[in-house]
Each structure stands twice: as C-alpha cells, then as structure tokens.
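Visitor: Numbering-wise (the UniProt record's numbering), the sequence shown opens with residue 1 and increments by one.
These are calculated hints, taken from the structure and not from any lab test.
Accuracy of the hints is not assured; some may be wrong.
What follows is a set of in silico ranges between Cβ atoms, one per label pair, in the way DEER data are often shown [what the hints assert, rightly or not]:
{"hint": "1", "residue 1": "A829", "residue 2": "D526", "range": "47 to 53 Å"}
{"hint": "2", "residue 1": "G738", "residue 2": "A269", "range": "46 to 52 Å"}
{"hint": "3", "residue 1": "A829", "residue 2": "P749", "range": "53 to 59 Å"}
For glycine and all other residues, C-beta sits at the position ideal for the given N, C-alpha and C.
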Amino acid sequence: EWQVLTGQAMADVKVDTSKISQSVPGWLSEERAFDVFVLKSALPELYSQLNLDDKTTWSNFSTAGDCEEHFPVQLSHKLTPFQRVLIVQALRPDRLHSSLLHFTAHILGYHETNRMLLLLGLQDLSPPTLSLKQLMVETLSSEPVLLVISAGADPSEELRALAHSIVGAQRYHEVKEGFGNQINLCRDRGLNPGPSAQKSDTLPLDHQVAMGQSQADAALELITSAAHSGEWVCLKNIHLMTAWLPSLEKELRALDLHDDFRLWLTTEAHPRFPGILAESCLKVTYEAPQGVKKNMLRTYTAWGPDLVPSAPLHARALFALAWFHAVVQERRTFVPQGWAKFYEFSDADLRVSMDILGQLFRAGPARVPWEFVHGLYEGAIYGGHVDNLHDLNVIGSYLREFFNPAVLEQGSQPLGLSFHIPSSASYKVQLLAVLPPSPHLALLPASGQDYISTIQQLSDTDKPEYFGLPANVERSLQRTTSREVISQLNTLTRPVEGVTKFDREEWQLRLAPVLNLWKKLNQSSDLIQLKIPDLVDSSGAKGPLPVPAFVSKEFRGALQLVQHLHKCLAAISKVIRGSHLPSGDTLLAAERLMSQQTPEQWMRHWEGPTEPLPYLRSVVSRALAVQRWTANVSQGMLLKLSLDLADLFHPDTFLCALKQQTARSDHNLMLELVYSRLSGQTIILGVRVSLQQTARSDHNLGVRVSLQQTVRSDHNLGVRVSLQQTVREYTIPLDELGLTCSWTKNGMPAARLPVTLAGLQLEGATFNGLRLTPNTTDTPSVCAAPGCTVAWMPKGSVPVYHPEEMISLPVYFTAAREHVLVNLDVPCAGNQDKWVQTGTAFFLHA
C-alpha cells in the first residue's frame, strides 16, 4: 500500500496503454485509467472489494466536493483509513491532500489536537503578522537578531525604515552577499568603494557593503566600530558564507558593546548553519504573510497613519497598490496555475511603487497618467521578476483593473472584490459595499473604523475571486500540494549522504523495482534489439519532406535512448549479480536511482520526469508511439490521422517540421493545378504561370524555357515527375507563416497542410469547442479538450476568430507549466482580462 501511494508500485505495471484502458471500468476518464490500473495490479484484493464496475455506487463519491467524506456506505466498515487515501489518489487526486490531512487527523487524534491548541491559548497554528517595530522592544545589544527568511520574504525595507526612525540613516549599515570579490565599505571608514557598488533608492551608497569571501576582516572591522559607537549593522544572506560564521561568532563574544548597538542577521534555512551562533541569537522567522488579509495588515501596520497621505486620490491609489501587491504575492500559493513559477515579489517592489505614486502626486498633474503607472509596474518593477509572457499578461490585467479612473477617481467601478475604495483620505475610513455584496464582505464595519479594522473583516482563507482564479482552483492546488507531499515522502528513502561504496545487498533491495519495471516494459517490444537506422539525407530536391525526415530522426533518437538506458541498467544488474565491477558511471547512476532521482546522464539524452520509474515508463511509451508514427509515415497516412503530441520526445520540433513542409507544399499545389490542365489547350500558359510564381525563389528564365519546351514535346507522366522534383526546391519565407487553429470541422478551408491534434488537457476553464465557460466548484480540475485543427498559414490570412472574441492560451509540455510549446486561439465571451486571470492553459497529457 505504501508503494502505491509513493508511486513505486508502477514497477509491476506494463506500458500497454490500450490494454490498460480496456481493463478498467468504462465510466472512468482516460486520465484516471492508469492510476486505477496500478491499484488493481498492486492490490487485487482491495480492488475486488470496490466494485468499481457499478457506476451508481460511486456516483456521489465522484462528484462530491469533499469526496473523502462520501465513500459508498457498503464500504465504510471494510476499508482502513489508509486504503481510503489510496482510493482517493486513484479516483479523485484533486482531493488527495485533504484525504491525507483527514488520515493524519485520524491517526493523531483530531480532538486531542484541538485540546492542545486550547491549552496553548491558540486558535490555529498560523503565526501572527510579524512587526520588526514590535520585535525591537525584545532586542539587546548583546544578542544578535537572526531573521530566518523564507522564499519571497525580504525584511530589508522594513528594517531600513525602522533603523532610520530610531538611529537615523547615517548610523545604519548593510553588509550583503558579494559581487565577485569586491567589498564596499562606508566612505567615512576611510575606504574607497569598489566598482561593484550598486546604488539603492533607500540606502545611500556610503552605507552599503557588498561582502565576498575575501572581505571577512573588513566586515568584522565595520561591526567592531559600530558596536563601539552604538550603530546598527545588518549582515544579509549569511547562509552563503557558512564557513566564515564560526569566526564571526568568536569575534562577537569579544566586542565592546554600546547599549544602542544592534546586529541584525538574515539567513535562509541551511543544514550547515553553526548551532553555536544560532543559540546566541534571538531567532525570528520572517515569512511572507500567508493570505491577502494578513498581507494587507502587515503593509498598513508598517505604513502607519503617518504614511497615508491627506489627498483622497493619493490615499485611494495607495490602497489599490497594497491590494495589488497582496494579490500578486498570494497568487503564488496557486503555482503553477496562479503563476507558472514562484516569483520573488518583495517589499522592495512595494516601496519603489509607493515612491512612484508619491512623485506623481507631488507633481500635481491635472490628470494622473495611469498608463504611465501601468508601464512602470508591468515593464520594470513587478514585471521585471516575470519571465513568462502569459504571467506578464496577468500583471497587466490586474493593473488595468485596479489602477484606472473608474476605480480610483470616479468610484463607479469596484476594486475586484465588489467593493469600492474609500473616498476619504483619513486613515480611519470604511469600505463601502455595493450590491450584490460578496459573501465574505457581508459583515462590513460601521463608519468610523480604521483601515486595519476594515481589512480584518476579510476572510482569513483566500477566496478564488480575490485573484480572478476559477472557483475550482482548490482542486488544482490539492493536486500540486499532494504531489509535493509524495515527493517529500520519497526523499525519506534517500541516503543522507551520497553513496560512496558498493553494497550488493543495498543495491539489490533498492534497485530491484527499477530493474523489474524495465524488464516488464520491454517484454513485448523489440526496441532493444532493433538496429539504429542511419540518418536520412533530407537535403536537395530528392530528399524527403520535413515531417517524414523528423519522424525518422525522432525514432532513431528514441532507439538510441532506449538502448542507452538498457546498457546502463544491464551494467547495474551485472554488478548486483557479481559478474562485473562497477564503473564510475555505473556508481553515479545507481546512486541517483537509489535516491529516487533520474540519473543526470539520462536527462542529458532527454529531459523527462525527475523520478526514475515515471521516466522509464515515459521513454518506452513514447518510443513505441514514435514507432507507430514511423509506420504511418511509410503508408502516407500520418498527417491524415489525429495526432497526440504527447507521443513525441520533441513535439516542438515536429511543429517546426510541419511549418517547413507547409512552405514547400505551397508550390506542389500549384503544380497540381498545372496537371489538371494537361489535357486542355492551355497547358503552356499553365506552366508559365506556375513558373513565374515560383521564379521568385531565384530560378532563372533558362529553366522556364527548358520546361516549356519539354512540355510542348511530351505530355507524359515523366514530365510531371520531373516538375515535382524541380519545384520541391522552391520555398516561401518561414517568417511569413503563423500557426492558426480552428476548433470546428473544416474551419480553415484555405489551409494547405492542416493537422488535427488530440489528447490536449485543459485546466482553468471548460471548453466544448464553441466557447470557453467558467469552472464551478464541482468542475474537475483538468478535463480533456476537443480535437483541434492547426495549420501554418500566411500571416496576412483572414483570422478564424475575431480578436475581441477569442483569447490566446498557452500549450505547456506538462502540467508543471515549465515550458510553453505553442499558443492556441480559443473563442470566448466577456472581458478577456478576466480569462487571463483564470490561468487557463492547455498541456500535453502525461
């Protein structure tokens, strides 16, 4: 059962997907077929009890929002708590995280946990919002403050503001991780700044220190001087210099301390951080606040009433900025649907954005240039962290929604949440609800309450509508979270340190699942025995078309990869049997496999799953699929079939090959027109027209005359073959072609080489081929998309969909959304920015 949960049970499952679909109940989706088949193969007794063939028995479980509470009644006393987890994993992975929590609460005792919270005087385990100003009263000059920061949290701005208000800007110094081996010390220490100095908007250059390994003594000199004069010093990111930290701890014990001296240290969690130094510090975790409510509370607590301007419009703009900052930060909770990756939005972005608004309003323009604000925030400050075009579009959509005259000046449009920004400039104002009010804003405070009290009325749990995400985004979040949990469980089996010596029994125990899976995957195929074909020469007029040439090369690469894996695993098997000594490469591969990680030498051939069992299954399934593509190419049927790009190792290269073949086929089609005239009286004119069109590719008049003379003298088939071979050289510029798609049959009659794509998965919305529709809370997190016809067409062609009635959605290689394959136009209704915010995207099925 544990192997089923952690994915190790797939070692006993073959790869024949057609048989897998046939061996599970038909009412299950194709996406669930494999996991159910794994459950059936690994735990046949449990599977027989489930009676999955009876769809009615499982209908309530399949649709319930909390399916872990709605198992069929007849099974309630037959299943153990852990078996319930396995069933949720197979049938409803969008609720697996909740099921794991439910299982944990059952094992630990939920009521006992609640009793402990009551004894501690806590309502939950979430920490309160941290304020460095409140922390200051607990600090001592003899006790450094160690701020343990999490990803995305940066105390720099708050610490600078605190230092400036207590000791002044001239008495605060930062030491940060180095740029090369340069260090920049304060000029008042008598040292010249190095060339690596970087100017900060909030801290003078004279008070910034860039720290490298060779500048430790200079940094200690700064600390010693500050300790004597009562100044503040902040050493940033000291986890990057763990080898030097014992020396720092030793020097700290010998300092002559002024009562006003404070030493602040920031670090990320690090296994080599010295315990003695940690014990001597006041340790505080500095995390990005979780949830929009806590995020805004922290922002307004840091600002205080003094920083809220008296001008009403300026105050409203700051509130919109605080809301925008909280939304873009908390959207990271929903990676990869919220953002494709975790972006380091920090308090520094908020401070710079606040300064920009301050400069604009101090200039006093007759009309606030909100487009200017959009450009700076999207193109530099917040957008500067983003490297995904579709995520950048999300930022732009928020800016257009939050920073516009209707929201900030006229008050006629609510701020995202169906509430209006206060019209008062006072720190004590209320948010005015509009009809119909959102459920989470039903209890708004009475007039006279301040911003803090108002923000506290927001829900502690973020609602999808805060971010414009679909109502069922929680399902996608649970999928992602549960995958991370299982991955972390697998790390428990990894050795603490690298495997440095050979242990036959250990190898046999840990590597047997990998070797068994590889053996079973190849039992019914000849991939290992096949001879690797030579590369096909695709150059010249007699070479193959680009798509067949690609398929040939793809199959050749697939065989090379399969046989490379077989050679590697065979070497490991021989070592375990004692017939060979392990080589360096074999030791490295075995070490990675025993750690449940795909060997690096495999990833260099093809960057697939990071865990070995899914990697092996993906390689063999793709190799067999490409073998079928090769057979279809030889029969001339490939482009007439529905194609699943998940069959390929390099689907992006296939689309490029299709583009090249489309460019060539343009002239072949013109020749077909000429052939249709061979039996008429206008044959010479027909040939001349065709050659005039293709002569733009620099074919000269001599060729044209030669072909005319040939046609006059002979109308036989040989001439037609000769013309085909000649014109195959003619191409049109690839830059003039763009990928166009249609979701209806015969939607692109002018397309010269249309291809139907199948197997796409859709997340974030529902699509029936006609219109995108929003998801509801009961909608599955991922659904199969209808077939899509794509073709490369001249960029000046009439678009299939009106630009204002469609949205361009990305197609990612995997559900992790790491790499974009292509963009597809999808018809939709309503505000396009709203669809952008949902994070809707396609991806190839696993």
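Visitor: Evaluate each hint against the coordinates.
Guide: Results of checking the hints against the structure:
1. Checked against the hint of 47 to 53 Å, the pair A829 and D526 passes, with Cβ atoms roughly 51 Å apart.
2. Range check, G738 to A269: about 47 Å between beta-carbon atoms, so the 46 to 52 Å window is met.
3. Between A829 and P749 the beta carbons are some 25 Å apart, a value that contradicts the proposed interval 53 to 59 Å.
Checked against the numbered hints given earlier, this structure breaks only hint 3.
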